[in-house]
Every structure is written in C-alpha cells, then in structure tokens.
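Asks: Letter by letter, the chains look like this.
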Amino acid sequence: MGPPSPFLQFEDVTKTYPGVTALSGVSFGVGTGSVHALMGENGAGKSTLLKTLSGSHAPTSGRLRLDGVPHVFQSTADALAAGVAVIYQELHLVPGMTVAENIYLGHLPARRGLVDRASLRAQAAAQLRRLGEDIDPDTLLADLPIGQRQMVEIAKALSRGARVIAFDEPTSSLSAREIGKLFTVIRDLRAQGCVILYVTHRMEEIFKLCDACTVLRDGRHVRTYATLDGVTPAGLVQDMVGRDIADVFGYAPRPHGAPALEAGGLLGCGLSAPVSLSVAQGEILGLFGLIGAGRTELMKLLFGAEPLTGGTVRVHGRPVPLRSPGDAIAAGLAYCTEDRKRDGIVPILSVMENCNVSARPAHVRLGCLIDDAWEQANARQQIDSLKVRTPSLTQLIKHLSGGNQQKVILGRWLSTNIRVLLLDEPTRGIDIGAKSDIYQIIFRLAREGAGIVVVSSDLPEVLGLADRVAVMREGAISAIFTRAEATPERVLAAALPLEKTTAA
Amino acid sequence: MSSPAGKPASPFLTLLDRAGMQLILGALILVCWLTVRNFGSPENIMNLLLQVSTVGIVATTMLFCLASGNFDLSVGTLIPAGGVLCALVLRHGGGLLLATGTALAFGALVGLVNGVVVARLKINALITTLSTMMMVRGIAFVFADGKSIGIGNETMLNLANAAFPVFRSSSGTVLFQITLPVWICLGLFGLFGFILQRTTFGRNTLAIGGNEEAARLAGINVNRVKITIFTMQGAVAALAGVLLAARLGIGDPKTAQGSELSIISACVLGGVSLSGGIGRMSYVIAGVFIMGIVENAMNLLNIDSFYQYIVRGAILLGAVMLDCLKQRS
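Going line by line, the protein sequences match chains A and B. Read in order, the letters of the first sequence correspond to residues 73 to 576 in our numbering. Read in order, the letters of the second sequence correspond to residues 236 to 564 in our numbering.
Hints were generated in silico from the structure; no laboratory data involved. None of these values were measured; they are calculated from a predicted model. No residue lacks a Cβ here, since even glycine has one placed at the ideal position from N, Cα and C. Careful, some of the hints might be misleading.
[Unchecked claim] Partial list, computed: chain B residues near chain A (C-beta under 7 Å):
id	residue
1	T435
2	A442
3	E448
4	L452
5	G548
Input sequences plus hints: build the corresponding full structure.
Replies: This is the structure in structure tokens:
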C-alpha cells in the first residue's frame, strides 16, 4: 500500500502578470494532519501562491486538487465554499463590529431577513471554545488585542467549515506569549484533521511547529521535504538562495573617492535604533532586508520625505538641512521610489513632463517661464541615452511598460545635478532586458562619481551590484559586509528576524 | 495596462477627449442662432458676454483648484462679500483703488485660510471651503447689515460700463460694445491659460493633481503651490464680486447664490477633471460658454426659472458622468 495521496495538491500552478512570471509550474502536495511550511525569499512567489489558493487571483494555468477533486478558484467565495481559508498578515476584520458579527461576516444566521442574535452569539461562542478562547462574542473587535483578533480570524475560517487553512506570516506582530497560544491552536487544528499551510521567514518556527516544508524560489518549486528529520536551517537557506550568482551584472571594481553621503545617528519613523551609514563617491552600497525591515523608511528619511527626529546628513562633506525633498534635491540627492505607480510617476502626464519636473526650476527663463527648447532637448537626450522605448515625448507615461517608466524616472534624476542616488527596488516588476539596462546605468553613474544606495529584496541583485552590503533588520542596521564577505548565507542570516523565545 | 502601441480608443471617445466640448459649443451656438429668436442679436450677444463674465472670471482660478485635485466652494459667497466690502469702503469715502484693494485683500485672506487649512492641516477641501463659505456669507451680511449698499461713486460706475470698441447707429444708440468686465474676463482667460501651460507653477499644479506624492518626491513644494492657488482663487472671486457690484450699482450680500456650483460645473463640463491633473483653459472657456448659452437661450424662450434649475442640474450630472467615462477609457 502506497502513501495516501495528499489532501491538498497544487498541480502545475502558473501565474503571470503583464511582464512578470510570478509562479511557474508549481506542483506539490500537502497532507492532512500536518503543518506544512512554505518558505522563500521576498518575491519567491509565496504570496502569489496563497492568492491562487484563496481565490483572490485565479492562476493563469494549472489548478489545485482538494481530496482529489480539481478546482480553479475564481473568487474568495469559491475558495471558502470549497473549505479553503487564508489568514493574511493584515487581518480582514471590521473593527466597529462585534466578535460574533465578525466571525459570521457574510453568512450571519438569520430568520426572515432579521439577524438571529441569540444563535449568532451561541454559534460564535462555540467556535471560539473550539479554539480554547474565552472571548465574549459581544465584545467590539476594536477592543481586542492583536493576538485575540487573530483567533477571531481563525474562528471565522472554521465557521465556514474550512479544512485547509493557510497562514501568511501570522507571528510577525504577536508577542511571545501570543505566539505560544497560536501554536497550540494550530496543533489542535492539525489534530482535528485540518491541512495547515504556514508561510514564515522565521527558521525556528519551522522546526518548532512544522512537519513538512516546501521551498519556492523565483516563482518555481525548489523542493518539498516530507519530513524535517535531518533538515538543517543552513540547508533551507541554501535552497532559498540557491542559484549561483552568475556575473550577469557585469560588475567591475571602481576607484572610490571622498564620501558622497554620510549619515550619522538617523532617527525617525520606522527606525528602531540610530542608523549611520556612508557611501563614497563612485561606490554602490547595497541595502538588503526583508519587507518591513525599515529600508524604505530609511530612504525617505535620507531624502527629507519624512521628518528626521535625530541625526545629521552630509553630502560631499556639507551638512544638508532636510526639511523637504526640495532641500535634498538642492543638495544633490535623488530618490527613485519603491512603488513607481504610487509615488513615482504622474500617470496622466507625458513622458517629457515626468522627465523634466525636477530639473525644470534650474532651466526656466525669468524665474518661471518654461524654456521649450530645453524641455524638448533634455527629454530627448535622456530618452535616447537611457534607451527608453516610447513612441513620442508626449506619450502619457502610464502607457509605457514598467521598465521604461523606471528609465524615465531615472532620466528625471539624471537631469538634475546628482551626487547621491537612492534607488528603492529599482527593478521590481521589470522584465529581464530592462533590468540589465538599469544595472548598466547604475554602474555608469557610479563610474561618473555618484554615490549610490540600492535597496533590494532580491539578494542576487544586491550581491551582484554592491561594493558593500548593509543589512537591515527590524528597523536597524544589523550588519555591513564588504563585497568579499557578503555571501548569500551571511547576508540572509543577518536579515532574518532574531529568535523570539516562545512559550510553546 | 496597455502597450505603447495600445489598442485605439473608440473614435467617439477620442473625439470627445480632444475637442468634444468645443464641437458641442459650436453646435449649440448654431442651433440657438437658428432656432431661438433674438439669440443672434447684437444686444443679446452683449448681454450674454456680460452674463458669463462673472462665472468666467472665477472659473479661471477654479481651473487651478480643480487641476491640483482640490475644490473651492467659498467663491460663491466671496463674490457678494467682495461687492459688499467694495461698496462699504466707497460709502465711507474711500477711493476706487482702496475699495477694490480692500475687497481683493479680504478675498485673498479667505483664500489663504482655505489654503493653509487644506494644505498644512490636510483637511478635506470640500469641508474646509464649505465652512468658510458659510462664514463669509455671514461676514457679508454683518458688514452690509443685511441690506444691499448702493454705490454712488461715479468713477466706479463709469469704469464698470467703460466699453471698447463701441459701435453706434446713426441715431447714436449703442449697437454693440464690449465692456470692461468682459475684457477683464477675456484677459484672465489669457493670463491664467498662459500660467497653466507655460510656467513651472502651472505644470506643478497639474503634477500635484496627477499624483500628489510623486510630485512631492520630485521636489515640488506641494503646500506652497496649493496655498498660492487658494489665495489667488479668493482674490479673483472678490474681484468678480467688485465688478458685479459696480455693474449693478449695489453691493448686495444676496447676489450670486449658488454661483460656486455654476463655476465648478462649467469647468467640469468643459473637461477639467474633478480628480485633478487634467485641465486646460480652452476646456474652461467651452464649459463657461455652454452653461451661459443654455441659460441665455432658456431665458429668451421664457422658460420658468424652476425648470432652469432642473436643466442646469441635469447638465452638471451629465458632465460628471462624461468625466467618469473618460477616466475609465
């Protein structure tokens, strides 16, 4: 008798977004009565896989089987009906409603169109008891601590009769005690025959809680361990990082000059400890960290986009007052944001308009009149030298591909007198061809003497570009490595969260 | 997400997008000319131009407000308040310049308050300007003691009716003339149209309306631009009030009720986006004249003002739906 076929089976699940393949032929199975860990770097495809499981994004091709029955979920309602619930990091609950109402949101027990309060309360209390929780169902959700809210979310899944429950980094905002409680509940669910898929970055949680593990990398399935016996953290990291960092980047050492950017003791929103770093002229500093480690917050502080509550910033040795992005630009700083669509491009304006907006004040006549000749010439020159593919300068930027939009934003900053370039996820959502163009632009700017900071969640990208690598963890810099020291294992180890002592 | 080549939008929408309102305006003029008695008479044209001048003047700066993604209701009461203040200063023996200057300064001050509250305190522009609108109405009534104030200053009255060019019949009656308020309206069309298209301030206004956070991170001083826009808007609304009062010979706290909505609907009707980032003076001109002509034609046809409200409301709703349709395409 062979092993029973797993209850939940992913079959060749592929998901492509315009220009990006997020998942490519992922197949693995998860059996009942086990807690199955799902691991991978940022962007490895974990979230996308959960979205196909929850029905919020239908896969481009492939399907999953539940107890042998094939499914392709088109909506979350489909998934819930089939007994699948995903519990996200940000809980999907209504703070202004009671616990009971939240648990039965969308399927409130009713009689002739009126909510049946008594049975709502009784059923909710029963669901909570199943989790060993002693919460009054009439409490307002907003009055509960985060750990209990998560229990409400789990009760909500159970009230739908969920047999498959996926957790997306459930412990990231819990205290050690709450984590212990959560683990107890998850083990109970396992004993009750639920299938648990558990996404996490925390190595020790896997060995404490999980029975099996699947590693994804670059949207592909790397391997599935049916048992964790004999598996080591180092082995898992190796699986996650995997590929050799082939020299697709064309890195060549450059001479470094005097400091371009010196930041000392920076404090502000998103940082947990004073941050100091420096970048020399001609140097590329990689800044690695998991999502939420404070990288973007640090960039915004350096650029004057969020107020500094402490510390100093010097550019080419001169202190810079950072009251606004305007101050930063005047000092020679430039910042390409992480989310181009949200805070990089002005979508309904032209390529030329988007390219010239920051340098324009230095090229106007009589203090305010637009110099058409300069506008045309500058935009044309940037478009040509950065190889932006656009039918015309007046094309609205929203019609360009992500890579070309990013090049226009780079052109915006190359038009200014740039001394320090802060790049936040410069190649996110960009196809391979444009990526390598952007790497070449970064190297060229460094050769020309700019100091460059590259923030990236893509470890190979950081290691391929950087002369030095700074790693952030939980709002502070946890390590700085030279290029020679910066092995994937070391960098990732410095980025992964410190172990929390759990009570479980 | 469409590729650079993109699939072509429907020809109807493209045309609507490019010059739709100008075409509708042209058709409207033609239809009215042919079907509405007296529409094309020089007297009516003069009347029409004068009628639209108040809305037209304020719409020039409302364009900036909307283009930056904001909204200003307080203009509706700044128009009467400007007129009342001007008449009051004149009554107390102030000169023409002092009277006009006081009204403009008051308008600018109200606009400054709007701007600071909206930009710095980040309070919704609708609520902010709704509040100041009510306050300014109260202030106008307090200043005027609830009554309208007559303007006795000859220079002021003459200036409001100063005209160029003037065509007279052989018997000496005026056949056609363009008076100062109309010239000021046309001048402001040109001036603010130029500012929007050709200056950093104008381009920054559109960038803020298009994506405020991107504009801020591109180094634009967003707060300063917004505050400037609201201040300009206040001063220009007060100027429109002064001209209206001078034309009518009284500063009346009860005039121009609901004009804020006529102004905003004219802009939106012309194609200025309510969500910001899209706007040109040519849109505003088309919108102002379409609204003005419809109103004028209804008056000539002796349509009851009750029905006029219904028509004006329907036109506004249609314009907003059109805006929504264009955003989606």
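Asks: Each of the hints needs a verdict: does it hold here or not?
Replies: The hints, checked one at a time:
1. Restraint check, B/T435 versus chain A: the minimum CB separation of about 5 Å is within 7 Å; hint holds.
2. The interface hint given for B/A442 holds, since its Cβ lies 5 Å from the closest Cβ of chain A, which is under the 7 Å cut-off.
3. Because the smallest distance between the Cβ of B/E448 and any Cβ of chain A comes to about 4 Å, under 7 Å, the interface hint for this residue holds.
4. This hint holds: B/L452 has a C-beta 5 Å from the nearest C-beta of chain A, less than the 7 Å allowed.
5. The interface hint given for B/G548 is broken, as the beta carbon of that residue sits about 28 Å from the closest beta carbon of chain A, more than 7 Å.
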